[in-house]
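Number of protein chains: 2
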Amino acid sequence: MYEGKIILLVCDGMADRQVKELGDKTPLEYAETPNMDELAEKGVTGLMDPIAPGVPPSSDTAHLAIFGYDPEKEYPGRGLFEAAGYGYKISDDEVAFRCNFSTVRKRGNELIVVDRRAGRISGSEAEALAKELQKIDEIDGVKVKFVHTLEHRGFLILKGEGLSANITDSDPHEIGAPVLESVPLESAVDFEDAQKTAQTVNKFVLQTFSVLNTHPINVERIKHGKLPANIVLPRGAGKRIKLENFEERWGMKPACVAAGPLYRGVAFELGFKLINVEGATGLPNTNIKGKFEAAVNALENYDFVFVHIKGTDNLSHSKDAKGKAEMISRIDNALPIIMDAVKEGVTFVLTADHTTPCSMGIHSGDPVPLLIVGPNVRRDFVKNFDEISVVRGGLHRIRGKELMNILLDVTHRAPEYGLRPSPKRVRYLPKIWNALKLNE
Amino acid sequence: MYEGKIILLVCDGMADRQVKELGDKTPLEYAETPNMDELAEKGVTGLMDPIAPGVPPSSDTAHLAIFGYDPEKEYPGRGLFEAAGYGYKISDDEVAFRCNFSTVRKRGNELIVVDRRAGRISGSEAEALAKELQKIDEIDGVKVKFVHTLEHRGFLILKGEGLSANITDSDPHEIGAPVLESVPLESAVDFEDAQKTAQTVNKFVLQTFSVLNTHPINVERIKHGKLPANIVLPRGAGKRIKLENFEERWGMKPACVAAGPLYRGVAFELGFKLINVEGATGLPNTNIKGKFEAAVNALENYDFVFVHIKGTDNLSHSKDAKGKAEMISRIDNALPIIMDAVKEGVTFVLTADHTTPCSMGIHSGDPVPLLIVGPNVRRDFVKNFDEISVVRGGLHRIRGKELMNILLDVTHRAPEYGLRPSPKRVRYLPKIWNALKLNE
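Keeping their order, the protein sequence lines are chains A and B. Residues are numbered in the numbering used here as their position in the first sequence, beginning at 1, plus a constant of 139. Residues are numbered in the numbering used here as their position in the second sequence, beginning at 1, plus a constant of 139.
Excised from the complex, chain A in its bound form (with noise of 0.2 Å):
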């Protein structure tokens, strides 16, 4: 009934190394997982490096080498994306920008990163300064837009003539570190374009240190021993690039169940409808059978069903083992959802986009273990699904651009190489492969 379809589990940042207190497992091999196992042992396994061995990915860079598109040629930049995660589809002559509310205390006259999120401060103060930030609306005939998100979360846009996303971060990304002069990326080469771009998110960082660093909410914050929110950092500054459509590169209809804004950015700008879950929150409390539940729903109107989930990512970044592998276990509790539908012929992909150690906190460069199941797959010996057993799989180690390919394949989707038009494509691009008609 599912012959054909597919979907694509990623729980975000679930590969980890052997952790001390799980008994040196890792909080995959720690975990309650007999579903994970038993589909190990129906399907084949291997290690992925979702961008090369040992390079750390960022998120989005991730997802999009998963979904079939080079990051090195087809990155736009993260700010696209977090805009795209709120609806704001940022237009030809617009740069966006993840943001942070931050803390920074003067040395000199350099400002020092004392926390990249403002002492995690609630929303609604949030957006109350947002509100004084959105005075900004030009510097030197660029328009500003700054836009509150979640907890300290924001995005900004600059529109105008002549600008680039080939820009570096003010965020440091470290505690203790000055917050950072933005400058032309080494590569860039639209260099006049982004010296006007970094020139104006700099004056736009001085401004909002200017305009909250006394604002009466930050006032009141320190006055209850709460770290103000003093500034904001931006950082990925995203430009629209040409991305092509997920359907038109690979023939399927494409859905995504997230709740976590980037992935949902990422997923809208290649052409996937957002399906929404109630409870569905990108955090470790999120409603997991509601969203497996919809991605089994969506395979009646669409081929490649994506499902992200956020919070084992989260877990790694508080460096919470325990509370990692426990959410691992209530994910695999779940399964048996997706699993019915594996039964039918659906092909089911599970895999992280990033290790996350949480002896780290951060994304390292570990490969990610990598699980098909599906009537088309050709089975290994593993039996079990973590880090160690999948070394031993039959997918060896392959890089995440590749996977779509296999996913092809195992759907008997994959054009012959060699063969023009190859058989398979015909069904899925008749826009390019028309039919001959005859003379009438």
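Worth flagging that the hints you see were computed from the coordinates, not collected in a lab. Check before you lean on any hint, since a few could be wrong.
Here are the simulated DSS-like cross-link-like pairs (lysine-lysine), alpha carbons at most 30 Å apart as the crow flies [unchecked claim]:
id	chain 1	residue 1	chain 2	residue 2
1	A	K342	B	K458
2	B	K482	A	K461
3	B	K482	A	K164
Examples of chain B residues lying across from chain A (beta carbon under 10 Å, computed) [as the list claims (entries may be wrong)]:
id	residue
4	R517
5	H535
6	N544
7	L547
8	D548
9	E555
For each label pair, taking beta carbons as the anchor points, the in silico distance ranges come out as [said to hold, decoys possible]:
id	chain 1	residue 1	chain 2	residue 2	range
10	B	P192	A	H456	34 to 44 Å
11	B	G504	A	G162	33 to 43 Å
12	B	G143	A	E160	21 to 31 Å
The C-beta atom is built at its ideal place from N, Cα and C for all residues, glycine as well.
Fit chain B to the known structure of chain A by using the hints.
Showing chain B alone in chain A's frame:
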């Protein structure tokens, strides 16, 4: 104490194939290696193709790849490294060649190679012959300088305008073959320069024959039944290209513990500090413990310490499988010196630069075993370090040029892909990332 520091031990040509006289084991399987096995159990293992599957690497290109350079694009030619190994940093208008004193005999108007090493002539005799050759100081306006180094070895420098390294070797690399006419490489874009350089080399080779063939030293050698050193055969033309400094590329201060000139030359050209060790010979009789102690001591001031053991390759070239296994056991026996540093947090890498099967006596394209052990490594199930056991290792099969990214990752230096600047890079590239300054 050594967290984030790296020791890379390359045992030259250590990898092999099964040898009949060792009971169908490889020398590495046959050798007593309890320490290597203990490290394998604690670390992650795999196979590495220094260049590519099936491609036998030269020692210099293999090391370049292992240090994270792309020999396809960043290879100046061996001569540059040979000269550098003796402290001679060639300038932009020079071309350098590795040379051998060899034995040839006339056949018609060709010179046939009888021995590529002139019966392993002694250093003092070779030095005396080199003095004669130094009278050849100019050919067709090109300055010529021949330098004797060790035993039958030396190097040649040509200096002048319009010289090229894109030429073929005079040395046929085979006994019984004729000395070859040097000609421009088919790929040479600087054809005229290459032709001029090749002609200079050809004239030099013929002149060495006319000087050496009747030289009293050689007359004397023949009288005593020894092979005459009656020609000098250049090979491996090298010219300076821009090679990025290792520290700039990888953010680690590098040091080198090696006695073999070629390896010292590669390291020197990449900006490694060369550390000398008493009794280090570049031969099977080298002072292994002294080298390991020097490597551990170097951790005080350096982040990345490269240790090179050459003897394993020498024994492979002389097809001495038992001797090779015995030398591997001696290396293993000295490993506790490094294992103590591993206990204090150092990341240790053990590998070979290529396979040299004792059955062949020359380099082959078989992949080499690779082991990484350290505090941030995800362990696999492999418990033995040899070519066959590591097939099931967690690293699977990587390319030489991928190793450095993996080492950045397991020492927590790897920048997150897509971030600009990436967090760790801030520390290493201060010249790009400036602090934003407050307006006064």
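With the threshold set at 30 Å, check whether the alpha-carbon distance from K482 (chain B) to K164 (chain A) stays at or below it.
20 Å, holds
Are the Cα atoms of K482 (chain B) and K461 (chain A) separated by 30 Å or less?
Between K482 (chain B) and K461 (chain A) the Cα gap is close to 26 Å, so the pair holds against 30 Å.
Mind checking the alpha carbons of K342 (chain A) and K458 (chain B) for me, to see if they're no more than 30 Å apart?
69 Å, violated
Using the nearest Cβ pair, does E555 (chain B) come within less than 10 Å of chain A?
It holds, given that the least Cβ distance between E555 (chain B) and chain A is near 5 Å, below 10 Å.
Residue hint L547 (chain B), partner chain A, criterion CB-CB below 10 Å
6 Å, holds
Look at the Cβ atoms of P192 (chain B) and H456 (chain A) and judge whether their distance stays inside 34 to 44 Å.
38 Å, holds
Take the shortest C-beta to C-beta distance between R517 (chain B) and chain A; is it under 10 Å?
R517 (chain B) check passes; min Cβ-Cβ to chain A is 4 Å, inside 10 Å.
The hint says 21 to 31 Å between G143 (chain B) and E160 (chain A); measuring C-beta to C-beta, is that right?
23 Å, holds
Quick check on the hint: H535 (chain B) CB to chain A CB, less than 10 Å?
H535 (chain B) check passes; min Cβ-Cβ to chain A is 4 Å, inside 10 Å.
Interface hint compliance - D548 (chain B) to chain A, C-beta minimum distance less than 10 Å
4 Å, holds
Does the Cβ pair G504 (chain B), G162 (chain A) satisfy 33 to 43 Å?
For G162 (chain A) against G504 (chain B), whose Cβ atoms are near 42 Å apart, the range 33 to 43 Å holds.
Does the closest beta carbon of chain A sit nearer than 10 Å to the beta carbon of N544 (chain B)?
3 Å, holds
Checked against the numbered hints listed earlier, the structure breaks hint 1 alone; every other hint is satisfied.
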